[in-house]
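Each protein sequence line maps, in turn, to chains A and B. Residue 459 in the numbering used here sits at position 459 of the first sequence; the count goes up by one each step and never skips. Residue 1505 in the numbering used here sits at position 505 of the second sequence; the count goes up by one each step and never skips.
Heads up, a few of these hints could be off.
To be verified - Stretch-level coverage of chain A by chain B, calculated; a stretch enters the list once three of its residues show a Cβ under 8 Å from a Cβ in chain B:
| id | region |
| --- | --- |
| 1 | 15 to 23 |
| 2 | 64 to 77 |
| 3 | 143 to 152 |
| 4 | 207 to 221 |
| 5 | 443 to 456 |
| 6 | 595 to 606 |
What the hints assert, rightly or not - Mimicking DSSO-like on lysine-lysine, the simulated pairs with C-alpha atoms at most 27 Å apart in a straight line are:
| id | chain 1 | residue 1 | chain 2 | residue 2 |
| --- | --- | --- | --- | --- |
| 7 | A | 107 | B | 1426 |
| 8 | A | 352 | B | 1426 |
| 9 | B | 1107 | B | 1305 |
| 10 | B | 1107 | A | 107 |
| 11 | B | 1548 | A | 24 |
| 12 | A | 426 | B | 1533 |
| 13 | B | 1064 | B | 1229 |
Said to hold, decoys possible - Every beta carbon over 10 Å from chain A, so not counted as near; a handful from chain B, in silico:
| id | residue |
| --- | --- |
| 14 | 1031 |
| 15 | 1174 |
| 16 | 1232 |
| 17 | 1338 |
| 18 | 1339 |
| 19 | 1424 |
| 20 | 1614 |
If you're looking for bench data, these hints aren't it; they were derived computationally from the structure. Bear in mind the structure is a predicted one, so any value in this text is a computation, not a measurement. For each residue, glycine too, the CB sits at the ideal point set by N, CA and C.
2 protein chains.
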Amino acid sequence: MVRARDTYMEQPDGRVRVVIEGVKPEIDSGRFPAKSVVGEKVEIEADIFTDGHDAITAVLLYRKEGHSKWTETPMELVNNDRWEGSFLATELGHYLYTVTAWVDRFKSWRQDFQKRVEAGQEDLNINLLTGANLIAGASGQASKADSRTMQEWVRTLESAQVSQLEKIELATSEKVAKLMDKYSDRRLAVTYPRELQILVDRERALFSTWYEMFPRSCANEPGRHGTFKDCEARLPYISEMGFDLLYFPPIHPIGRTLRKGKNNAIKATADAPGTPWAIGAEEGGHKAIHPQLGTLGDFHHLVKKAKEYGIEIALDIAFQCSPDHPYVKEHPEWFVLRPDGTIQYAENPPKKYQDIYPLNFESEHWRELWEELKSVFLFWIEQGVCIFRVDNPHTKPFCFWEWCIAEVKREYPDIVFFAEAFTRPKVMHQLAKLGFTQSYTYFTWRNTKQELTQYLTELTQSEMREFYRPNFWPNTPDILTEYLQTGGRPAFMARLVLAATLAASYGIYGPAYELCVNTPREHGSEEYLNSEKYEIKHWDINRADSLKDFIASVNKIRRENPALQSNQNLWFHAVDNEELICYSKHTDDLSNIIMIVVNLNPRNTQSGWVHLPLEPWGLDAQQPYQVHDLLSGARHLWHGADNFIELNPGKCPAHIFRVQKSIRGE
Amino acid sequence: MVRARDTYMEQPDGRVRVVIEGVKPEIDSGRFPAKSVVGEKVEIEADIFTDGHDAITAVLLYRKEGHSKWTETPMELVNNDRWEGSFLATELGHYLYTVTAWVDRFKSWRQDFQKRVEAGQEDLNINLLTGANLIAGASGQASKADSRTMQEWVRTLESAQVSQLEKIELATSEKVAKLMDKYSDRRLAVTYPRELQILVDRERALFSTWYEMFPRSCANEPGRHGTFKDCEARLPYISEMGFDLLYFPPIHPIGRTLRKGKNNAIKATADAPGTPWAIGAEEGGHKAIHPQLGTLGDFHHLVKKAKEYGIEIALDIAFQCSPDHPYVKEHPEWFVLRPDGTIQYAENPPKKYQDIYPLNFESEHWRELWEELKSVFLFWIEQGVCIFRVDNPHTKPFCFWEWCIAEVKREYPDIVFFAEAFTRPKVMHQLAKLGFTQSYTYFTWRNTKQELTQYLTELTQSEMREFYRPNFWPNTPDILTEYLQTGGRPAFMARLVLAATLAASYGIYGPAYELCVNTPREHGSEEYLNSEKYEIKHWDINRADSLKDFIASVNKIRRENPALQSNQNLWFHAVDNEELICYSKHTDDLSNIIMIVVNLNPRNTQSGWVHLPLEPWGLDAQQPYQVHDLLSGARHLWHGADNFIELNPGKCPAHIFRVQKSIRGE
């Protein structure tokens, strides 16, 4: 056990006067890294101060893990002793950073001296000599050329022949300040006692558009088991809708013992295909492919074909076994044995899941189990998969995930792990902190303006913004929400726009989504009736009422507008109608401002006045400005901060406006 | 430099499944201790959770620094994975604490088993055997007697002769749970990686009532320099007002060189007494007494006499020197030398303070300087002083204070250090974190309901509550606020009640306060006209309009009502008038509830409806309850949460009600 006090750098010298604290980001005292993506500006803040009124110089130090040399960049005082610095994350992997600061004697002297001059103090000779002494001291540390320059300055400041006015001009000049900065005396500098970390992922870790689909339901003709070849045929459709990730439920052989039937029936009919999450059969386990989907070669072909469409294949990894999984025979020590010698099936008393055997992470052979599970990821990475959606990670130990993800990313830093945990907040946060790249969220059940505003404020403004990358899903194969069940097509449109514009990453489970499938198994249930979790479906993706064109428009808007590709820039705006929600995102340079209004009531037209922040957007409140509805194509000239909005959900429940200065002639 | 990751306890075993984080209090990752006082309950919280649904047992570990053995006390789940535990601080000094938790197999088994029983599952034999195995395992760790008992239980649970009903009763019995708790398997326990600290002070560190007075102005007859003997004569007066701390500006010899005159005049008249903060003359420095005040013997006598009145003497320690201070000759190396060989006087350019030499903490001889300054505190401690008000600590290095206070308190843990820093928030916070027992605050300038509510909420609800002990001063010799200048006697009464009831510690600078002295040196200045900082005053403390009786009442109320002796229990209540502020404090057991209403407008009568939290106070909303105005003595029976208040500032601008159940007959 380590006493925090002992780890704090002992002050070796009582003259070290600067305090550095409150560094941000710093997750759990540096226990976990904050997150960024390649090309993003990493912003670091800290409280930095000293006693008295002396001036401070502070620098941010950063380096790529593995490099021993720090790069240094200046920090600036923002206000209230808060300083800020930043660097650009250019490579995948971990960066380290910390902060160094010191009392800057020359800067202090200069700042005081300028006040004396401004106050018209007359005899400044002693003060000029003090300045000269500081320059003389620094010249001892300088390069030959610089030293000569500085000694010349000292001679001027000490000369009886030079007028005080000339000396003042020299002493307060920028050239002197610049050279004194270069040789600032750091002997009494203090460095923050912790090196903190930023984990830099690839861009898709932040901005991604997911489409979930059951491969076995992809056959063109009803009644046939879909294959990877059928999935290939579906690629143009998925690509046209604008998705860049195609994610499959488990593709492994499905267990036969105690197989579940249609609608999760305990007794399955002989021809029941089973659920893909009952993983493992005599054909193999987590590294095998369900024979009816095709071969490993077919899978490779699909991955390659998808890449041509700019689509990556994501796999669902669910660490659980059917009773027929090869592990059961080969490694019974990885399961819990009951007193009668049988293997313990999954339970959440009083519920029993006899068709699923959970792995026992408290096994004495946990090391071998960990290695094997890691090898599952490595196997699929070798098959071309770079993105994993992990099923129920919160039912496996946190320390396993931390180890496993770190191990995989050490070799393959571009891998994305998406945590499918819908559970208590602190558990979900922990999974994100320890390494999951993206996380499911409670968005699925946040429907009202108040719920959305509160939840999104937490995600984008609290410390969560540093480590929790939300991925918004309006539906999943497990979740058909009441809002979708009862709101009809407008509800599907509204929730899609919300997911796609509130979060940089979102996804849908299709074709159920674009076809607005909304019948639950029973009243009060969030399960789909006749869910394809238990049966093979045939979807008519060409139905005239499909949302596919609408989805394509929304995804095109996301691709073309960088403001929508980040989370932290979200800003809610006032609307005087509780059923209308209004928010915006903009790029740092204001070159791209997107403002969204959604009617949350799928049944009735709603109208109201939105109030917009013209000045922060760089718009002249006295001039008209243009709002261009990227969904409808309509362009309007608006005047002033307050504008009237009306949305008929039967037509389209949302506006996605691009806001810009009015250009003459438009 | 220490990498935080390296200091985090490495998981030696991948089966350790519990996570402990978010421990509170934890100041700056454990860099600083939180604060408590003897007799206070120290409450510790933490987020504790594991994967899946297993049950956790968590304990709080604590020990007095220097003791090697932890004491253990159970923690309880509050909600949302937040756990809580507490211990009683009984001794002065540092306590250490941390948290240990583990997945409790038997508790998990028992909780699942009870669900099975409740759900009416029939064949529980296997589950009973699993329970029996857990008991058998624990019996191996048990005492002989306990082991025998447990083996007997195992036999019962395994016996074919015992009915399932009997077995269920045994397995779920409290006696089994209790013994299994005692021998709970901690092999996979995790301990929070940091040992955190609580600094326990004496009670007066939290609850104290200060009276500041210039000893030289204490003579009974005008024109004479007051002495410690005169101070003794003033003790009954101070005691009757209810103060338990009498605090003096510096009592050391006053410099003659460049002595300041009346109203801080640069040229002093020959008989000017000088300011006590120009410390040091040929008679001595920080360890000497100004001859006109008396001898060290007189001081000892005063300290002893004060103690008889329950009053402690607090000294102002100002580490700065007049040009005549012995240090200047004996230790010129402790000062900054100017290029012309003279010693640098204090400056805040363009202002100059030629009568004050600041100490140079960047001296190469800083170690000797530190030791000497520490010895000043030790000297006065040996003379019986236990409380120091430290002048301008924010102009001396933080690391000096941290060292000095720790050194002094190691030997004398009952010493109180009160930081006189009116500066930027983070600097004030740092001084409190590093060891100052109490701190001045911005209360002095917080006048409106919004200002007071916001500031007090920060002090009592943010992390500041853990380390920042506020001491509220409505005036000081340096600060006569505009509110007091313009508000007359009602303003002095209102500010006194606010200070005395919002904060557990408060003080006034008298007799200027009780005599409602409110003339500034000039318009816009917060300096007193003819301030006794620069001259000797004679106060007529028996003036009929003195607030002394009012102050005595308020301080008596503070003494008699434990609710007013703590800060964290402050609670604001709604009043429908911006000029009225209403708040309460109550003891944990609700035996003492004090509710205060103050009219913040010193000119006009204000009235309004207050809204009170009857249910949280344990009052029946259907029954009348009693409010007893401890200031006026009036008792009222109130009904319901909303009650009408009217306060005429000309009479008394405040109510201090004791709220209690109505007792029959009153």
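Right, here's what the structure says about each hint:
By the rule of at least three residues with a Cβ nearer than 8 Å to a Cβ of chain B, the coverage given for the region 15 to 23 of chain A holds, with 6 such residues. Residues of the region 64 to 77 of chain A with a Cβ under 8 Å from some Cβ of chain B number 0, which does not satisfy the need for three, so the listed coverage is violated. Check on the region 143 to 152 of chain A: 0 of its residues sit with their Cβ under 8 Å from a Cβ of chain B, so the three-residue criterion for coverage is violated. Residues of the region 207 to 221 of chain A with a Cβ under 8 Å from some Cβ of chain B number 0, which does not satisfy the need for three, so the listed coverage is violated.
Evaluation of the coverage hint for the region 443 to 456 of chain A: breached, as 0 residues show C-beta separations to chain B shorter than 8 Å, against a requirement of three. With a threshold of 8 Å between beta carbons, the proposed coverage of the region 595 to 606 of chain A by chain B is violated, since 0 of its residues qualify and at least three are required. Taking the CA atoms of residue 107(A) and residue 1426(B), the gap is about 22 Å. The hint holds against a cut of 27 Å. Our distance criterion of 27 Å between C-alpha atoms is broken by residue 352(A) and residue 1426(B), whose separation comes to about 56 Å.
With a CA separation close to 62 Å, the supplied pair residue 1107(B) and residue 1305(B) exceeds the 27 Å bound. For the hint linking residue 1107(B) to residue 107(A), the alpha-carbon distance of about 64 Å lies beyond 27 Å, and the restraint is violated. Between the alpha carbons of residue 1548(B) and residue 24(A) the distance comes to roughly 50 Å, so the proposed pair goes past 27 Å and is violated. With a C-alpha separation of about 57 Å, the suggested pairing of residue 426(A) with residue 1533(B) is violated against the 27 Å cut-off.
Of the supplied pair hints, the one linking residue 1064(B) and residue 1229(B) is violated, its CA atoms being roughly 42 Å apart against a limit of 27 Å. Distance to chain A contradicts residue 1031(B) as a non-interface residue, since its nearest Cβ pair spans about 5 Å, not more than 10 Å. At roughly 20 Å from the closest C-beta of chain A, the C-beta of residue 1174(B) stays outside 10 Å, upholding its exclusion from the interface. Every Cβ of chain A is farther than 10 Å from the Cβ of residue 1232(B); the closest lies at roughly 38 Å, confirming the non-interface assignment.
Non-interface status of residue 1338(B) relative to chain A is broken: a Cβ of that chain comes within 10 Å, the nearest being about 5 Å off. With a least CB separation of 4 Å from chain A, residue 1339(B) falls inside the 10 Å interface cut-off, contrary to its annotation. Not every Cβ of chain A is farther than 10 Å from the Cβ of residue 1424(B); the closest lies at roughly 6 Å, contradicting the non-interface assignment. Residue placement check: residue 1614(B) keeps its beta carbon more than 10 Å from all beta carbons of chain A (closest about 28 Å).
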